[in-house]
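Between the sequences and the hints, there should be enough to build the whole structure, so can you do that?
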Amino acid sequence: MLILTCPNCGVTAEETEFHAGGEAHLKRFGPGSSEEEFEGYLFMRSNPKGVHFERWRHAYGCGKWFHVARDTTTLEVFGSYSAQTTEPPQDILDTIEDRRPGWSPAERPA
Amino acid sequence: MKKYSAFAVAREAMRHHTGWNRAWRDAQPKKRYDVIIVGAGGHGLATAYYLGKNFGITNVAILEKGWLGGGNTGRNTTIIRSNYLQDPSAAIYEKARSLYETMSQDLNYNVMFSPRGVIMLAQTEHEVRGYKRTAHANALQGVKTEFIGPERVKQLVPIIDLDGPRYPVLGGLWQARGGTARHDAVAWGYARACSDMGMDVIQKCEVTGIRQEGGKVTGVSTNRGDIDCDKLGIVVAGHSGHLADMAGFRLPIESVALQALVSEPIKPCMDVVVMANTVHGYMSQSDKGEMVIGGGTDGYNNYTQRGSFHHIEETVRALIETFPMISRLKMLRQWGGIVDVTGDRSPILSKTPVEGVFVNCGWGTGGFKAIPGSGWGMAELMAKGHSPLTEAFGLNRFREGRFIDESVAAGVAH
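Protein chains in written order, with my numbering: chain B, 1 to 110; chain Y, 1001 to 1414.
Quick caveat, the hints were computed from the structure, so don't treat them as lab data.
Even glycine gets a Cβ: it sits at the ideal position worked out from N, Cα and C.
Take these hints with a grain of salt, some might be off.
Stated by the list, open to error - Ranges of calculated distance between the beta carbons of each label pair, as one might list FRET restraints: (1) Y:K1154 <-> B:D98: 20 to 26 Å; (2) B:G22 <-> Y:R1333: 27 to 33 Å; (3) Y:G1209 <-> B:Q90: 42 to 48 Å; (4) Y:F1055 <-> B:Q90: 52 to 58 Å; (5) Y:G1209 <-> B:S33: 29 to 35 Å; (6) Y:D1106 <-> B:G22: 38 to 44 Å; (7) B:G102 <-> Y:N1059: 36 to 42 Å; (8) B:G22 <-> Y:T1124: 23 to 29 Å; (9) B:D98 <-> Y:H1136: 57 to 63 Å.
Shown next, in the form of structure tokens:
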């Protein structure tokens, strides 16, 4: 069972209080984009075996969205951070580097 | 291969069972194969089997990182049905179901196919309308199903409570020739038949890289050395994204954990399979007497083959309302499998951006029932480059917006 902390209201709770929202930091492609870009945005997911950046909503709390860095093979949570970001903040990356030496941000979804 | 028969059992009984051979050879990897299949689960083995049987391609290796059938093939709840709404789905699942009917004879291996009948309960007005629509669609597709009323449901499943407070049973979609089969036996039977055709089933052989030259596959790297091939089939369910990443393309797939559990064995009390999609639960009784219960998926990406406890609780809580007698059963085991879910909840059987690489994945929460049909279509696709069974399931459907939308049609359990 996951224990997550909502950075919006500061509450730490287990996963039934939250709702998972899929991969984070997707770049949105809309009108005017190529078919490949639009398909990538809508459907293609990195689905990594390891470090994953994802969106969560504090559904039974403050109701707001936030981001979580988590390992999909061990379920270790590296930290949560604001959804108002286009890439993971440095302190989260440092935590991941500390816990997963050799992991490179290049593995992050494009 | 020595044929299994009643006579063989009697003969071996006479000589203290000293004459049985290994069911399949413990093969070592060769330098080169015509076709390599990654993943020795049901779908991978079935693909290899039909490559040999239907197309005479037998220089084939099936690579498995763990043990044979140790992934979702050995973790599912063994339900077989073909009552799908969309035509392409009904075609491939009905092909699979019909192949299950004669599989034990075809493979000379008892897969214990038990066409005991499958009911999908309608517990909301929406489901009643949905299943009536499916029954009409099935009539046009030549799949034998019917919508039945609550009295008939009660007749088929005496232990059911029709008047549950939250989930009353309003009817059901009944497929009389649906049922179950022994999941391990399906993998073992295919492996034995493949090995007999001269194919190499290689266990504990993990693919670590996919080698290509000029956009065409040339082979794979494994923990047991490099192996060359002309064609590569990736049939690895939950780990499809991981393998696609090695080949350099992405898939519209996310991997999540799906759970199941079994109770202690009890006397026979339910001789059909019951699915309750509103409450994310389905149940059947195994030949050993255990109640086999399948639950829902976790909402987040996960490769741990476990799953969250609260999903089990949700499933069991709802099933107890519909089947009050199971409330006092002890649960023996619980496990999870990693399922590969696509946006439209339909599988992908397709060529890929890399020439010679084919994928068969995205079966999500309901791949077991499709094993023979999936193998049949995938083999044709790999041998000939196209197959009527797999045509609609190409990767290009996402770009072109031609979804086979079973996520709405099939509810949750799939």
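Each hint tested on the structure:
1. The beta-carbon spacing between K1154 (chain Y) and D98 (chain B), approximately 60 Å, falls outside the hinted interval of 20 to 26 Å.
2. Judged by the Cβ atoms, the range 27 to 33 Å given for G22 (chain B) and R1333 (chain Y) holds: they are separated by roughly 31 Å.
3. As the Cβ distance of G1209 (chain Y) to Q90 (chain B) is approximately 32 Å, the hint placing it in 42 to 48 Å is violated.
4. Separated by about 55 Å at the C-beta atoms, F1055 (chain Y) and Q90 (chain B) satisfy the suggested range of 52 to 58 Å.
5. Checking the proposed 29 to 35 Å range against G1209 (chain Y) and S33 (chain B) shows it holds: the Cβ atoms sit about 32 Å from each other.
6. Distance hint for D1106 (chain Y) and G22 (chain B): a CB-CB separation of about 42 Å, consistent with the stated range 38 to 44 Å.
7. Checking the proposed 36 to 42 Å range against G102 (chain B) and N1059 (chain Y) shows it holds: the Cβ atoms sit about 39 Å from each other.
8. Taking the beta carbon of each, G22 (chain B) and T1124 (chain Y) are about 27 Å apart, inside 23 to 29 Å as hinted.
9. For D98 (chain B) paired with H1136 (chain Y), a C-beta distance near 59 Å keeps the hint of 57 to 63 Å intact.
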